[in-house]
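Novice: Sequence:
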Amino acid sequence: MAVKEVVDAVTMKRALTRITYEIIERNHGIEDLVLVGIKTRGIYIAQRIAERLQQLEGIEVPVGELDITLYRDDAKKDDDPTVHASDIPVNLEGKEVIVVDDVLFTGRTIRAALDAIMDFGRPRKISLAVLVDRGHRELPIRADYVGKNIPTSLAEQIIVEMEEVDGKDRIVINKETE
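Residues 1 to 178 in full-length UniProt numbering are what the sequence shown spells out, letter by letter.
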């Protein structure tokens, strides 16, 4: 397998800062905003965006953690999935929710996240922020906030590494070699 770094730590930080500024511009205030990160790396991305929002706007935005394991449509019936608890710290009723994930690919993870969020209440609006959009959608889902568009082939895999989990920040493409 050939691994190629396509985004370094500095570029990743810039992409997250750009997403943060777009959130501020498009939401005309962030008082009713809730960030909901999809486990695992989406949570850390959401926390970083919330920290930047706090620095820029002086408002603490709640960050929730969402496990979509039981909502996936691609799990086999005989699988015994490991489920982690979701933690949504506020009532989502009437809130502006931004779902945060690391990579947008087929759209199936986001569809599952939408189903899961509805179990926590009915937000006024749901948006999507992703660090990487790699294309190849199978469902009609698009991100409202994108850090980087990285077109890929189906033989490639995008891997987001984050300090909190992997010990460093970077994005690599892993290409299957024959």
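Careful: at least some of the hints might be erroneous.
20 Å max Cα-Cα, derived SDA-like pairs, lysine to any residue [claimed, not checked]:
id : residue 1 : residue 2
1  : Lys-39    : Arg-72
2  : Lys-4     : Arg-124
3  : Lys-148   : Glu-5
4  : Lys-148   : Asp-115
5  : Lys-125   : Gly-29
6  : Lys-4     : Lys-125
7  : Lys-39    : Gly-94
8  : Lys-168   : Glu-51
9  : Lys-148   : Tyr-21
10 : Lys-148   : Thr-106
11 : Lys-175   : Ile-150
12 : Lys-13    : Thr-106
Calculated directly from the structure, the hints in this document are not laboratory data.
Novice: Hint by hint, note whether the structure agrees.
Specialist: Hint-by-hint comparison with the structure:
no.: 1; hint: Lys-39 - Arg-72; verdict: 13 Å, holds
no.: 2; hint: Lys-4 - Arg-124; verdict: 41 Å, violated
no.: 3; hint: Lys-148 - Glu-5; verdict: 14 Å, holds
no.: 4; hint: Lys-148 - Asp-115; verdict: 26 Å, violated
no.: 5; hint: Lys-125 - Gly-29; verdict: 14 Å, holds
no.: 6; hint: Lys-4 - Lys-125; verdict: 37 Å, violated
no.: 7; hint: Lys-39 - Gly-94; verdict: 23 Å, violated
no.: 8; hint: Lys-168 - Glu-51; verdict: 18 Å, holds
no.: 9; hint: Lys-148 - Tyr-21; verdict: 15 Å, holds
no.: 10; hint: Lys-148 - Thr-106; verdict: 16 Å, holds
no.: 11; hint: Lys-175 - Ile-150; verdict: 14 Å, holds
no.: 12; hint: Lys-13 - Thr-106; verdict: 25 Å, violated
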